[in-house]
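J.: One-letter residues, chain by chain:
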Amino acid sequence: MDDLSVKTAAAPDFKWLHGDMSQVPFQVYTDEALYAAEQQRIFQGPVWNFIALECEIPNPGDFKTTFAGDAPIIVVRAEDGSVKAMVNRCVHKGSLVCYKPRGTVKEFTCVYHNWTYDLSGQLTGVAFRRGVNGVGGLDPEYDIKKHGLQKLRVEIFNGLIFGTFSDTTPPFREYIGAELCANIERVFPRKLKVLGYHSQILPNNWKLYVENNKDAYHASLLHVFHNTFGVVRPTMGGGIKLSDNGWHHLSYTVKNADSDDATGKEKVRSLQDQYKLNDVRMMEHKLEFGDYTTNAIQTVFPTLVVQQILNALAVRQLVPKGVDKSELIWTILGFEDDDADMQALRVQVNNLVGPAGLISMEDGCVGGWVQTAAKADPGAQTVMPMGGRDILPTEGSRVTESAVRGFWKGWRELMGV
Amino acid sequence: MTTFTSDLTLRLRIETLFADYVHCIDDDALEQWPEFFTKDGIYRINSRENLALGMPVSLVYCEGRGMMGDRISALRTANIYEPHTYNHSISALKILSVATDGIRTQSNFAVFRTMSDGAMSLFNCGRYMDRIVEENGALKFAERLVVLESRRIDTLLVIPV
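Protein sequences appear in the order of chains S and W.
Sequential numbering of the first sequence, starting at 1, is according to the working numbering.
Sequential numbering of the second sequence, starting at 1, is according to the working numbering.
Quick caveat, the hints were computed from the structure, so don't treat them as lab data.
Where hints are given, some of them may not hold.
Capping the alpha-carbon separation at 25 Å, the derived lysine to any residue pairs in SDA-like fashion look like this [said to hold, decoys possible]: (1) S:Lys325 to W:Ile80; (2) S:Lys375 to W:Met120; (3) S:Lys321 to W:Cys125; (4) S:Lys321 to W:Asp117.
All chains should be modelled from the sequences, with the hints used to inform the complete structure.
T.: Here it is in structure tokens:
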């Protein structure tokens, strides 16, 4: 029984101007009404929002707080070992029940008026329920047993915890499809360990960062670190995989099998005379998944990125913070059983990624440049004709915008526009 | 009295090192920045939150002047970002210990960032945790750990702190 249940928003006043997904009106990045509708139709609609990692809450009572869209969420390990997720909003006056980022509790108590909840979110107590000296107190008609924090449905996939507000969201494996599940299983095959958190404030609408991740076309053009320093990485194969509905994607590169030395480390060379790296340790790659994939960037609609860049593993959770601002939360990962050398390698290679990452920092500013330019003319449109206009996987080339078009297909289907 | 004078001298020398360091960055003389470190010195930037949680991965991790130089070459030639400058304020130097492997200090900083259009903001503040050694009569950082008070990085971090 949810006291603050979600109402479905009316379809926003918005028209998609073009026939296919290859032209997007700038209005989608600047319109407050669209942003409000996204909260209900997307984040609180039939999607799996990434909310935590199992390894962050290993024991009963361990919790973390986060967001699914604008909605504040508590994720907690219950007494029976299951994971619960609920909206972090007291049924009484709507205060955050829990204002700490993480911790361990026996129950949740809203500090405002001491209403208490068990680890499943069930309301268990109301302060001064019987008043003082029989005067005041809780209305006898208000049945505590019938109230609790609004619950999300939870599914755990390979150590990643997802929550949904909707009863109709399909099981996660079906949601992204077997082919994309296989990549998560590939990069997270063992017990995960958090090696660090970063937070990056992006001066742009959340969708610009999602598009950026799905846009493999920009990678070698905007992020020129490798090219500038002539870092020769004999990477040959690669491509884009898409879920059947186009909502989720995987962009990957694979190198030649014969490019490794006896230790399994890739030979990295700096060829150009003009610009040379003094130290290539941060570019080293130790094969760890029994394959030759060097980079794999995967998105799970709407806002999760699963990252393998050499040995830098991470999940990136995007949290919208208003129509023109987002917070990107990087959780840097390794494995419980990494030895000291492997951890040292991960520390080095993480120089490439994150808010100060040598090949990723540009993604922090480029969305803001679109946001600034888009504001003046919400009716004008982007154009994404690379790789045709359809939404199909490609092999052998990443010069395509098909995954971005796939995102817009999902966005339109959920927004009803 | 001698001890008192030598303490003051040491403090003055460290404060001079710190002033030279921040002016080097603020004056965009970044090619000289690695010279403030020993050859295999360590430079790290991490958040207070990560360090409190014992997290090993930093925002920036440089082991040796070579890697520091690579950071500077990258920001000059490869990385793309809106031009901006820093202005550092430094304060509250505390000498924690003086030992054979160096002098350990803690001090505070604030970095104000100004973008090319004039927009100015407090980019971050925090503390430096340093191990300083003497090499050929000059003080150098054997380790400089930059502890950011806020984990939030606005847009990106490219210039060293």
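J.: All the hints need checking, so say for each whether the structure fits it.
T.: Verification of the hints:
Restraint check for Lys325 of chain S and Ile80 of chain W: satisfied, since their Cα atoms lie roughly 20 Å apart, inside the 25 Å limit. With a CA separation close to 22 Å, the supplied pair Lys375 of chain S and Met120 of chain W stays within the 25 Å bound. The straight-line distance between the Cα atoms of Lys321 of chain S and Cys125 of chain W is roughly 23 Å, inside the 25 Å bound, and the hint therefore holds. For the hint pairing Lys321 of chain S with Asp117 of chain W, the CA-to-CA distance comes to about 24 Å; that is within 25 Å, so the pair holds.
Of the hints listed earlier, there is not a single one the structure fails to meet.
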